[in-house]
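Taking the hints into account, I'd like the entire structure generated from these sequences.
In order, the protein sequence lines correspond to chains A and B.
Be aware that the first sequence starts at 1, since it is given in full-length UniProt numbering, and climbs by one per residue.
Be aware that the second sequence starts at 1, since it is given in full-length UniProt numbering, and climbs by one per residue.
Hints listed in this document are in silico derivations from the structure and should not be mistaken for laboratory results.
Just to be clear, a hint being listed does not mean it is correct.
The list cannot tell twin chains apart, which means a pair is met if one copy fits it or any two copies do.
[To be verified] Cut-off 25 Å, straight-line C-alpha distance, at most; resulting in silico cross-link-like pairs (PhoX-like, lysine-lysine):
1) K146 / K135
2) K74 / K281
3) K74 / K338
4) K402 / K432
5) K46 / K402
6) K69 / K432
7) K73 / K311
8) K73 / K338
9) K69 / K46
10) K469 / K74
11) K74 / K311
12) K74 / K337
13) K469 / K146
14) K225 / K463
15) K225 / K18
16) K402 / K52
17) K469 / K69
18) K135 / K175
19) K432 / K469
20) K246 / K69
2 protein chains.
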Amino acid sequence: MIWSILNMVEIFQLQLHKSSAVPLYQQLAEGIEGMITDGVLLANSKLPPIRKTAEHFGVNTVTIVNAYKLLEKKQLVYSRVGSGTFVSPLPVEHIPEPVASRNLRSFESGLSMENAINFTSTSLPNEMFPVDAFKEAFNAVLDREKGGAFRYMDSMGYAPLREQLCRYLMNYGIKTSPENVQIISGAQQGIDIISKAMLRYGDVVFVEKPTFYGAAGAFLSRGGKLIEIPLEEDGMDMVILENFLKLYHPRFIYMMAYYQTPTGISYSMEKKRRLLELAEKYDTYIIEEDDFYDFHYDKEPIVPLKALDYKNRVIYIKSFSKILMPGLRMGLIVLPKKIHQAVMEAKYTTDISTSGFIQRALEYYLREFGWGEHAAQARRYGGEKYRKMLSAARKYLSDVAKYGQPNGGVSLWVELPVGVGAEALCSRMLEKNVILTPGSQYDISGEENRHIRLSFLNLSDDKIEVGLKRIGDMIRAMLEEKFLTLP
Amino acid sequence: MIWSILNMVEIFQLQLHKSSAVPLYQQLAEGIEGMITDGVLLANSKLPPIRKTAEHFGVNTVTIVNAYKLLEKKQLVYSRVGSGTFVSPLPVEHIPEPVASRNLRSFESGLSMENAINFTSTSLPNEMFPVDAFKEAFNAVLDREKGGAFRYMDSMGYAPLREQLCRYLMNYGIKTSPENVQIISGAQQGIDIISKAMLRYGDVVFVEKPTFYGAAGAFLSRGGKLIEIPLEEDGMDMVILENFLKLYHPRFIYMMAYYQTPTGISYSMEKKRRLLELAEKYDTYIIEEDDFYDFHYDKEPIVPLKALDYKNRVIYIKSFSKILMPGLRMGLIVLPKKIHQAVMEAKYTTDISTSGFIQRALEYYLREFGWGEHAAQARRYGGEKYRKMLSAARKYLSDVAKYGQPNGGVSLWVELPVGVGAEALCSRMLEKNVILTPGSQYDISGEENRHIRLSFLNLSDDKIEVGLKRIGDMIRAMLEEKFLTLP
Chain A
1 MIWSILNMVE IFQLQLHKSS AVPLYQQLAE GIEGMITDGV LLANSKLPPI RKTAEHFGVN
61 TVTIVNAYKL LEKKQLVYSR VGSGTFVSPL PVEHIPEPVA SRNLRSFESG LSMENAINFT
121 STSLPNEMFP VDAFKEAFNA VLDREKGGAF RYMDSMGYAP LREQLCRYLM NYGIKTSPEN
181 VQIISGAQQG IDIISKAMLR YGDVVFVEKP TFYGAAGAFL SRGGKLIEIP LEEDGMDMVI
241 LENFLKLYHP RFIYMMAYYQ TPTGISYSME KKRRLLELAE KYDTYIIEED DFYDFHYDKE
301 PIVPLKALDY KNRVIYIKSF SKILMPGLRM GLIVLPKKIH QAVMEAKYTT DISTSGFIQR
361 ALEYYLREFG WGEHAAQARR YGGEKYRKML SAARKYLSDV AKYGQPNGGV SLWVELPVGV
421 GAEALCSRML EKNVILTPGS QYDISGEENR HIRLSFLNLS DDKIEVGLKR IGDMIRAMLE
481 EKFLTLP
Chain B
1 MIWSILNMVE IFQLQLHKSS AVPLYQQLAE GIEGMITDGV LLANSKLPPI RKTAEHFGVN
61 TVTIVNAYKL LEKKQLVYSR VGSGTFVSPL PVEHIPEPVA SRNLRSFESG LSMENAINFT
121 STSLPNEMFP VDAFKEAFNA VLDREKGGAF RYMDSMGYAP LREQLCRYLM NYGIKTSPEN
181 VQIISGAQQG IDIISKAMLR YGDVVFVEKP TFYGAAGAFL SRGGKLIEIP LEEDGMDMVI
241 LENFLKLYHP RFIYMMAYYQ TPTGISYSME KKRRLLELAE KYDTYIIEED DFYDFHYDKE
301 PIVPLKALDY KNRVIYIKSF SKILMPGLRM GLIVLPKKIH QAVMEAKYTT DISTSGFIQR
361 ALEYYLREFG WGEHAAQARR YGGEKYRKML SAARKYLSDV AKYGQPNGGV SLWVELPVGV
421 GAEALCSRML EKNVILTPGS QYDISGEENR HIRLSFLNLS DDKIEVGLKR IGDMIRAMLE
481 EKFLTLP
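This is the structure:
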C-alpha cells in the first residue's frame with residue numbers, strides 16, 4: 001500500500017506535453033520507464049490506479065491503459081487480474097550496481113600484467129612471509145588434532161586464538177577480553193559483517209574523503225547513504241564533522257587512525273580524543289580499520305583510537321593481510337558488548353565461521369613464534385623501502401608533484417600538477433608497463449582526477465627507481481604537450 | 001522528500017481520542033514512537049510539518065510541538081534548525097533483527113555440550129576426513145609456492161582449481177567451463193554473495209516450506225520478501241508455484257533438488273523439468289544448493305537440477321563441507337554468464353577472495369588423489385549409518401511417529417504424534433543429554449512445532465540406538481502425561 005502511494009508521488013511529478021508530436025501515452029510510458037530503470041520505482045510495487053492517474057494528468061483513461069500496456073509489452077511491468085499493474089524486477093544485468101565497478105575492473109586487470117612495475121600491491125613480498133613457521137604450525141595442528149582440525153567452528157572463532165589475540169593486542173595498548181573478539185576472514189569481511197549487523201536501509205554512514213572503495217562498496221550495498229568528511233593533515237575536519245553530526249545521525253563513522261588508505265594521513269592525538277568525544281556526544285559508533293600498525297618508521301609509538309576508547313564507541317577491525325600474509329584471510333574485530341550478538345549472527349549467515357584449521361595454525365604461530373621478531377623485521381624492511389621511495393621521489397617527482405611524508409604505511413599519495421589528469425596518466429603509464437592507482441578509486445563520485453597512489457612495499461629498489469623516473473618523465477611530457485596545445 | 005510524504009501517510013493514519021484521559025500530545029507521541037521502534041518510519045526521514053499535522057488532526061499546533069518535543073526528549077527524533085524534525089536511527093541493540101536469532105542461539109548452545117548424543121551434526125566424523133592426503137597437499141603447496149601460496153588471489157578463485165572442478169562436475173552430469181565457476185568459502189557464503197549481487201530491497205524470493213534458516217536469514221537481511229512454496233513428497237507443489245509466479249516476479253527460487261534440508265525430500269525428474277520450464281516462462285532464476293550429492297544410497301544415479309539446465313536458469317551452489325571437511329570452508333558456484341560480473345564484485349566486497357592457500361591445497365588433492373575413492377567411502381559409510389538409523393527408528397519410533405525414507409542424505413525428518421510439541425520434546429531431551437533440532441528452525445514464522453530433525457552421520461551405532469530409544473520413550477511418556485491430564 002505504502003509503496004504504491006510512493007509510486008504515485010513519483011509518477012505524478014512527470015510533465016506531459018500535449019502539444020508534442022509524441023503521443024501522450026508514449027510520453028507517460030517513457031517517463032515511467034526511466035523511473036523503473038533508475039530504480040526509483042521498487043520491484044513488485046503497484047502503479048497508481050488508471051482512473052486516478054487519468055484525472056491527475058487531465059487525460060482520457062485510454063491514454064493510461066495504453067501507456068501501461070506499452071510498458072507491459074516491454075516487460076517493465078506486469079498485471080495481476082483484479083488488483084492492478086506492478087513494477088517488474090529489473091533484469092539481473094540491469095540492477096543498479098552498488099559498487100563503483102569500473103574501479104574493481106581496472107584493479108583486477110592491473111593485477112594480471114606480468115613483469116610490470118606494480119605500484120598497487122600493499123602487502124609484503126613473498127620472501128618476507130613467515131612460511132617456514134606456518135608450515136610447522138600447519139603440521140603441528142594436523143598431528144595434534146587430526147580430523148578435528150577441520151570440524152565446524154564456533155562462529156566467534158577458536159577460543160585459544162582469541163585469548164592469544166588479546167595478549168597480542170596489549171602491545172597496541174588495547175585491553176580487551178576474548179568474549180569481545182570476533183575472528184574474521186580478513187578486514188574486508190569485518191566491514192561487511194558490521195554492515196550486515198548494524199546498517200539498515202536508509203541509515204547514514206560518515207566516511208573520510210577520500211576513503212577505501214572496498215568499505216564504501218560494502219556500505220552502499222546495504223542501502224547506506226554515505227556522507228564524506230574532508231581530511232586535513234591531522235585527520236577529519238572536526239568542525240565539518242560536528243556540523244554534519246548535528247544534521248544527521250550516522251549509524252557509524254568509518255576511519256583509519258594512521259596511514260589512512262589512500263592518503264597516508266594519521267590523526268593527531270587531539271583529533272583522536274575529539275572524535276571520541278563527538279561519538280559519545282552524538283551517540284554514534286566509530287569503525288576503526290587498522291591495517292598498518294606495525295609499519296611505523298618513527299621512534300614515537302602510535303596509538304590506535306581503540307586504545308583511547310573508554311566509552312566503548314569504537315569497533316576495531318584489524319587486518320593480518322598486510323603485516324602477515326593476505327592468503328591467510330584472517331583478521332579480528334574488537335566489539336563493544338552491545339553488538340556482540342548481532343555480529344555473531346551476521347558472521348553465521350555470511351560464512352558460518354572462518355576456517356578452523358587456519359585459526360588453529362595462527363594460534364600455534366603466535367604462541368610458539370611470538371609476534372615481535374616478525375613485526376620488527378617487517379618494520380625494518382618497510383622503513384628501507386619508504387626511504388628509498390622518498391629519495392627517488394625527491395629526484396624524479398618533487399619538481400612537478402606534491403606528496404606527504406607519512407613516515408609510516410606502505411604508500412605515497414601524490415598530487416599531480418594542474419593539467420595532468422590522474423586517469424590519463426595511469427593509462428599512459430600502463431603502456432610503459434607501470435601500474436598505478438588513480439585517485440578516482442577512492443572517491444565515491446569517481447570524479448577525483450588530481451591524485452595517484454604509489455604503494456612501494458612489494459617492489460625492488462631498482463623497480464622503485466625506474467618506476468618513479470618513468471612517472472616523472474611522463475608527467476613532464478604531459479605538461480609539455482599541454483603547453484604546446486595552448487591556443 | 002519522498003520519505004517525508006511516506007511518513008505523513010503513516011502518521012495520519014493514527015487515531016487520536018479527544019475524550020481520553022491521556023493528553024492528545026502524548027497519544028500522538030506514543031503512536032509515532034510505535035512506528036519508529038517497529039521500523040515503519042525510516043531513520044533520518046522527516047516528520048510531517050507541524051502546521052499540516054495540526055490541521056489534519058484538528059488540534060492546536062502546540063499539541064504537535066509538544067508531541068515532537070516529548071519524542072525528542074526520548075531521543076527518538078532530532079530537530080534541525082530551519083528544516084524540521086527527523087527520525088533518529090534506532091539504537092543498535094533495538095534494530096529489528098533480520099534473522100530468527102532464537103534459532104541460532106539454541107543451535108550454538110547445543111554445540112557446546114560435551115559427550116551428548118548429538119543429532120544435529122551433518123558432517124562426517126573426524127576419522128573419515130582425508131587428513132593425511134591434505135597434509136601432503138599443504139606441504140606440497142608450501143614447498144612448491146613458498147610465500148606465493150599466501151598472496152592475494154583473484155576474486156573468482158585459483159584458475160587451476162576451477163579447471164579441476166569442471167572435470168569433477170562432469171561426474172555430476174554438469175558441463176561447464178572455468179570462467180563460469182566462482183570459488184567460495186562454503187555454501188553459506190555462496191548464498192550470501194548471490195544475495196548481495198542480485199537482491200535489492202523489496203525483491204521477492206521464493207523458498208521451499210520448510211527451508212534452511214541460514215539461507216532465509218541471508219535473504220531477509222538484504223530486504224528480500226520471502227514467499228514459501230509448500231513441499232510435496234516429490235518436490236514443490238507446482239500448481240501453487242505457478243500461481244505465485246503469476247502473482248509475484250521473484251528474483252530467484254531457492255531450492256535443493258535432493259535430500260532437502262530439512263525434509264530429506266528429492267524432486268522427481270518430472271518436477272525438475274517443470275521447475276526449469278516455469279523459471280524460463282516467468283523469467284526468473286533458481287538457486288540450487290547441493291550439499292549431499294555423494295550421499296545417495298540407491299543404485300539409481302541422482303541428477304542435479306543444473307545438469308538439466310539448458311536455458312542457463314540455475315545458479316548451482318556446491319558445498320564441500322558435508323562430503324569433505326567443514327573446516328576447509330570451501331565451495332563453488334556455477335554461474336549463468338549474465339551475473340558473473342556482479343557476483344565477482346560481491347565476492348570482492350565480501351572478503352576479497354577465498355584463502356589462496358587452501359584453494360591450492362584442494363587443487364593438489366583433487367589432482368593427486370582424485371575424488372572417487374573418498375566419495376565411495378563416504379557413501380558406503382553414510383549408507384551404513386542410514387540403515388542403522390532406520391532399523392533403530394523402526395524399533396523405537398515407528399509406533400508413535402512418522403518419517404520418510406529418503407534413501408540418501410544425512411538426516412531423518414520425523415513427524416511427531418498430535419499432542420507432543422517439538423519444542424517441548426527437544427528441551428526435555430536436552431535433560432537426557434540428547435540434542436535434536438526442532439522444526440521451528442526451518443520455519444520462517446518459527447511456529448512449526450510438529451517435526452524434529454535427526455542427523456546421524458556423526459554418531460556411533462551405539463549412540464544411534466540409545467538416542468532413538470530415549471526419544472521414543474520420551475514421546476510415549478509425553479503422550480501418557482497428556483492422556484492423564486485430559487479433563
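Hints, one by one, checked against the model:
1. K146 / K135: both (16 Å within a copy, 10 Å between copies)
2. K74 / K281: between (52 Å within a copy, 15 Å between copies)
3. K74 / K338: The answer is between: 19 Å across copies meets 25 Å, while 49 Å in one copy does not.
4. K402 / K432: within (22 Å within a copy, 72 Å between copies)
5. K46 / K402: neither (55 Å within a copy, 44 Å between copies)
6. K69 / K432: neither (55 Å within a copy, 64 Å between copies)
7. K73 / K311: between (58 Å within a copy, 22 Å between copies)
8. K73 / K338: Between copies only: 22 Å across chains, 51 Å inside a chain, cut-off 25 Å.
9. K69 / K46: Answer is within; shortest intra-copy Cα gap is 14 Å, inter-copy 36 Å.
10. K469 / K74: neither (55 Å within a copy, 61 Å between copies)
11. K74 / K311: For K74 and K311, only the inter-copy Cα distance (21 Å) is at most 25 Å; the intra-copy one is 56 Å.
12. K74 / K337: between (51 Å within a copy, 22 Å between copies)
13. K469 / K146: Neither: 53 Å inside a chain and 32 Å across chains, both beyond 25 Å.
14. K225 / K463: Intra 41 Å, inter 54 Å, cutoff 25 Å: neither.
15. K225 / K18: For K225 and K18, the Cα distance exceeds 25 Å both inside one copy (38 Å) and across copies (40 Å).
16. K402 / K52: neither (61 Å within a copy, 55 Å between copies)
17. K469 / K69: neither (63 Å within a copy, 64 Å between copies)
18. K135 / K175: neither (30 Å within a copy, 36 Å between copies)
19. K432 / K469: So K432 and K469 pass the 25 Å test inside one copy only (11 Å; across, 75 Å).
20. K246 / K69: Between copies, since 17 Å is at most 25 Å while 48 Å is not.
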